[in-house]
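**Q** Chain residues, written in single-letter form:
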Amino acid sequence: MTRSNAGAKVVVAGFGSTDRRDDGVGPLVAARAQSMTSATDIGPLGDPLDLLGQWNGVDLVIVVDAVRSGAPTGTVRVIEMDIESDHDPLQSDWAEFETRVTSTHGIGLAGVVRLARAVGQAPKRLIVVGVEGEAFGFGEGLSPGVERAVPEALRRVVELITEV
Amino acid sequence: MSHGSTPDRTIGATGISRVEGEGSLRIQVHDNQVTDVALEIFEPPRYFEALLVGRHFSEAPDITARICGICPVAYQMTACAAMEDVCGVNVSDQISALRRLLYCGEWIQSHALHVYLLHAPDFLGCADAVELAERDRRTVERGLDLKRTGNLIMATVGGRAVHPVNVRVGGFYRAPDREAVAALAEPLRRARDAALATVSWVSGFDFPDVTGEYRFVALHDPDRYAIDRGRPRSSDGLDVAPAEFADLVREEHVARSTALHARLNGVGHYLTGPLARFALNAAALPPLAAEAASGAGLTAPCRNPFQSIVVRAVELVFACDEALRLVEGYEPPEPPAFEVRARAGVGTGVTEAPRGLLFHQYEIDDDGIIRRARIVPPTSQNQLTIEDDLRRVAQGGLSLDDHALQWRCEQAVRNHDPCISCAAHFLDLSVVRT
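So the sequence lines, in the order shown, correspond to chains A and B. Going by this note's numbering, the letters in the first sequence line up with residues 555 to 718, in that order. Going by this note's numbering, the letters in the second sequence line up with residues 991 to 1424, in that order.
These are computed hints drawn from the structure, not numbers from a lab. Built from N, CA and C at the ideal position, the CB exists for glycine as well. Check the hints yourself; a few may be wrong.
To be verified - Which bits of chain B does chain A cover? Going by a derived footprint, with three or more residues having C-beta under 8 Å, they are: (1) 1136-1147; (2) 1150-1161; (3) 1303-1317.
Claimed, not checked - Heads up, incomplete: computed chain A residues facing chain B, CB under 7 Å, no partners named: (4) Asp573; (5) Asp604; (6) Leu606; (7) Gly607; (8) Gly665; (9) Lys678; (10) Ile681; (11) Phe690; (12) Gly695; (13) Val712.
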């Protein structure tokens, strides 16, 4: 079993629905990461607002979600958000993740981070691990390309947790 | 820019933000008359109903909870009520009280989210909750604290703050410890104070002068403000058992939407949710919530949809007060769940989700296998009334420029806190003047 450094608080949140095929990759990877590390899985989430109140004082938050960016299916991308700076996260490189990570709800992940900053409740670090999906219709089960990417996504998440 | 002198008008807009879920809205104006209003919803057509067929009846609470991340408890409670109806089981008062406490947690977190983060920015000229937080941090913190208290109840009773896992047909997998439930009292006292402050805050907003002609429908319970049980009643005299109500509700497809539009057979469209509950059940509010309503100048029925935010705040007071009462009287149910044996038949469950009435109806066989499932969420029931509101609000706001009219129309949708993700998946707004 892998452990993060003693004392570090890490939460991992898988976004998405297991009833929407590849959208379920986030919850799947997050749950497996929890079983292998000391990180707490607070998902599966569909609404980034549910992160509020669960990440206060946390050293690292890892959001795992399916994304659709045009990259080859199964591509794993890791993007860290700069929590401390005042820049608008929507203008940053990971703006492209906004609509993917936000599910269908009113305030997206970037908005929730800005809100958390405004009320002094942001975590110390936030990293998004995105897995490029291709099938988002109704139904259970990942597409083969995403299924093959799960070990890679899991490895990246576990590395992030243990490096804290 | 005023368009009052333009006979044909097209208003284009992009996206209703701050509505749970996504969809689209289209308003057509011809010769200064609103000619068509369509809230276009793209529903996962009966996906979950189809998924339920062939599954064991005991799986229904967990499967249906996945329909909506905002109100999973509503789906769990309603599925349990329907399955217990078909199997002829009446749970103990202790189980019933614990369910109501869990449901109060969902009301608190859902109403706090809607009032503070989704709806209030409309009234204060803020683009969103972030701008509101930047202008008035303490107020938003109060809203977040309220939401957190709701989540705390859900975590304590339901096992998790999001998608509770402790609910089963017949009761709970495990009764929470007395100490854990008792620990909710202090946060709830603070939340109740925060809810009272919420009523004062929102009742001071400027409300457009709009009066809706609504047929209200809500559950009625003679003993209390109905949440988890009761008989569907309407403001025009309907008073029926849940199964009969389910028979009366007819859902129809319209070409523009994959969501079903519900009508009460023979009497047309209707409204469920806070305005309806307040109209039909205000007398059942506990004194603290009733005083808060009266202090805010509310009298039942309230027919201004923009004041639904005040009613929601009053319901926050009620939910905190009721949860505190249940916490103080908590007796761990023993056993935590009744054994429920399958028997063939049809059962109906109706409860009050935060945004309105939700009903489930199932047919199961002797082995407990679901043969037919019907789930009617509040947004499907409210949709035609929301469109009616939009027609009225748009017509009354034609002197506004496109941007202001779009804002007003978005607000008119948000008044009813539609959860499009229960009933649909997408929401883009476009207002069209031709």
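**Q** Decide, hint by hint, whether the structure agrees.
**A** Consistency of the hints with the structure:
Against chain A, the segment 1136-1147 of chain B contributes 3 residues with a C-beta closer than 8 Å to a partner C-beta. That satisfies the three-residue criterion, and the hint holds. Beta-carbon proximity to chain A at under 8 Å applies to 3 residues in the segment 1150-1161 of chain B; the threshold of 3 is reached and the given coverage holds. Counting residues of the segment 1303-1317 of chain B whose CB lies closer than 8 Å to any CB of chain A gives 0, which falls below the minimum of 3, so the coverage claim is violated. Given the 7 Å rule on beta carbons, the hint for A:Asp573 holds: about 6 Å separates it from the nearest Cβ of chain B.
Interface restraint check for A:Asp604: the shortest CB-CB distance to chain B comes to about 5 Å, inside 7 Å, so the restraint holds. Hint on A:Leu606 holds. Least Cβ distance to chain B is approximately 6 Å, under the 7 Å limit. Satisfaction of the interface hint for A:Gly607 is found here, the shortest Cβ-Cβ separation to chain B being roughly 4 Å, below the 7 Å cut-off. The closest approach between the C-beta of A:Gly665 and any C-beta of chain B is roughly 6 Å, which is under the 7 Å cut-off, so the hint is satisfied.
Taken as an interface hint, A:Lys678 does not check out: its beta carbon lies about 19 Å from the nearest beta carbon of chain B, beyond 7 Å. With 7 Å as the threshold, the beta carbon of A:Ile681 stays out of range of chain B, its nearest partner Cβ sitting at about 20 Å, so the hint is violated. Among the interface hints, the one on A:Phe690 is violated; its C-beta lies about 10 Å from the nearest C-beta in chain B, farther than the 7 Å criterion. A hinted interface residue such as A:Gly695 counts as satisfied when its beta carbon comes closer than 7 Å to some beta carbon of chain B; here the least separation is about 13 Å, so the hint is violated.
Evaluation of the A:Val712 hint against chain B yields a violated restraint, the C-beta minimum of about 23 Å exceeding 7 Å.
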